[in-house]
Amino acid sequence: MNISDLNGHFPILVAEDDPIARKILEKILIKEGHKVVSVENGRKAFDLFKERFFPIILTDWMMPEMNGIELCRAVRNQQASGYVFIIILTSKDSKDDIVTGLNSGADDYVSKPFNPPELKARIKTCMRILELEKSLKEANENIRILSITDPLTKCYNRGYITERLPHEIQRAIRYKRALSIILCDIDHFKKINDGHGHQVGDQVLIEFVHSINKVIRQDVDWIARYGGEEFLIVLPETHPENACILADRLRSTIAAHNFVFQEKAIHITSSFGISGFNSATPCENISPEAMINIADKCLYQCKLEGRNRVKAGYVDKAQSPIFNDKRLISNDQ
Amino acid sequence: MNNLTEPIDMAEVMGILDGDKELLIECFDELLNSMPQTLAEIQSAIEQGNALSLDEAAHKLKGSLIYMAAAHAADVAYQLETMGKEQNLGSADDTFKTLSYECEKVKEFMKQYKEGT
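Heads up: the sequence lines are chains A and B, in that order.
The opening residue of the first sequence carries number 669 in the working numbering; numbering runs sequentially from there.
The opening residue of the second sequence carries number -10 in the working numbering; numbering runs sequentially from there.
Any given hint could turn out to be false.
To be clear about the criterion: a stretch of chain A counts as covered by chain B if any three or more of its residues have a C-beta under 8 Å from a C-beta of chain B, and this derived list gives those stretches [said to hold, decoys possible]:
(1) 691 to 698
(2) 771 to 783
Pair ranges (Cβ atoms, derived) [to be verified]:
(3) S803/A - N22/B: 44 to 52 Å
(4) N22/B - E806/A: 47 to 55 Å
(5) T87/B - E799/A: 46 to 54 Å
(6) G105/B - G701/A: 26 to 34 Å
(7) G105/B - E806/A: 51 to 59 Å
(8) N783/A - G79/B: 35 to 43 Å
(9) A29/B - V767/A: 33 to 41 Å
Since the hints were derived computationally from the structure, they do not count as laboratory data.
Every residue, glycine too, gets a C-beta built ideally from N, C-alpha and C.
If we strip away everything but chain B, and leave its shape as in the complex, we get (with noise of 0.2 Å):
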């Protein structure tokens, strides 16, 4: 499956992991796991004005995400690192926004595809 509009690019992410589906599973449940706290420590960066923190904590969120093929996300995590590396956080909320929808999508094409395992 290598279907654009997908939030995950199964294709590309079996690759990454050398086709281990063992593997997929454990590293969606690390993500499944560690997203909520990673976005609310974005949230958090942007409502104290903290450039450093936004920084740092898009850029680990850009991270896993890359590594899972989920290019939507990741880019708009990076703008959001990009935005702290730059110290402009004007138009972080909205970004934000953006980034928690589109790890929403990422989230229940995990699940789902873990239900369908």
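This is chain A alone, in the form it adopts within the complex (with noise of 0.2 Å):
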């Protein structure tokens, strides 16, 4: 793409106190294709600048109320959601005059009057950084994706487990919310993996994560890969009892599922280990270790009673875990 086709991309916002001056900026942007809102003082261009995102700057020095100086100050001590690139108009062109402009935080400067065709050049100069920011930001945003994401079930990872869990414990313990999780796994996976391959037992994964978001909230519950055929389901909001429920369904949703795969029918069952807090928990020290943990044990309580259940325990105070037999929810086998 050439990078005048990019001119609309990054609305410029100038300011300048000199009619004249800023009749002519307006006119020679916006025949370029720029969009440009203009000011007549560094005070205005701030105050807009609050209220909107502009990635190019384009200022006077000498103006009433706030000057160039200390617009460049004022922006670079604002947190934007982007790089702001200013360029500082100024009749000063003594070296002290260009360093001070620089050092306020101005990335360059054109000097009055300016010469259009200059003018029009430092622009696509600024814009080329801007887009390089802008890659470089896709770029990371991308890596971070992949670091949070399990490369073959595309459901998150161990490490947003780490990252992301502590979070949504402290939000439910602050605003006296329930949260609960559920730890699951294929019954019998090795058997997949050995009597089918490894090709079909990684498909069978990918339609096991698949199975289970059609039926979680979509943008409140999340899954991640906590390791080998083993995941964490996260459900904000929802009380241990309604975790047991939706994993009873998730439960008999995985049984009745026919897994197809090279024209062969497997088929599977799940375990479902369930730790959680209601609302009226006074629970201000629970850890996610802790809430793994009991879940981890609930799971380990299906595998030894037979697999294809729900077990749930409940976080105390004391972040150990309750075996209640009356939270038995399911053994339909």
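Both chains are given apart, each in its own frame, so use the hints to dock them into the complex.
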């Protein structure tokens, strides 16, 4: 893409007190295809900038109320959603003045009266830098997504659990909301790998996650691969009793589903260990480890009792699991 | 036209305006409208001995004149701006007379240009 094709993508904020200079700037930049908003002093420019992000600011140096140097400093001290490229327009062209301008946060300067081809070229340079920043941000975002995604199943990975679960717990405690987690795994998964091969095993894992994703709430609940064939489902705003109902629905969905690979139907079952707390639970120091530990013990209990079932435990104040047989929701083998 | 005796260097101003004649007329109109008031502000600042106001008003007029390539008038405005900055208004009255004369020439030039288009 030619850099000129991006002219409308980077709105320009012009701060210039001289109406003639302002008019000329507006006209030249608009003719080039830029979106331009112009104001007559630094104060107005800064007020507008606080309401709306401008990636390019073109500012005069000497202006009433807030001059260009003060505007540069104010913009640099402001938390912005992206980099702001500031060009200062100045009749001051001594080296000391230029250094002052650049030190206050300006990226470039243009001497007044400006020469239109030079001004356009400087704006193009600035757009190249902004475009580079944009592509770096996109690359960083892609890397961030990769770093929290399980490459096989495309659900979140263990790293995301470490990063996100503490926040979910903190939020639930702070706002006195319920939170549940489900640790689940595919029963006898090794037999699938051994009997059908690892490629089929991988497809089972993918479809297993897909089946769960179809049932849980989009953009609220989330699932992450805990390791091997174990997955953690996090259910914000969900009491453990309701998590049991959901887990049982997942359990029966999986048990009823025919996983077909290479024209062979594979039948699987899965087990679900739940831990959580409700909004009335006095719990201030619940750790992710404690919650996972309870869910893991519940899952282990499922295995001991024959698999394809759901078991739950509450998290109490002392972070110790309470196994309560009354919480045994499902055992419909 | 690049006549140094003219109050406005048309070749230079057309370069600044990227050859936009419509914009030139708009800028002439803007300067014709704003110049009397800015000159009045300069005069008032000199009469009141207010150096800061003189600096600001002269700076403002100088900026507009530079963009219109009115070099002589801009130079005189700059002299007044410097007097304001240095708080030395001793010869400001005389310099203001020169500025008024130069600005009058700029004004006439702009009017004639507009009539000719």
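Which numbered hints are broken by the structure, listed smallest first?
none
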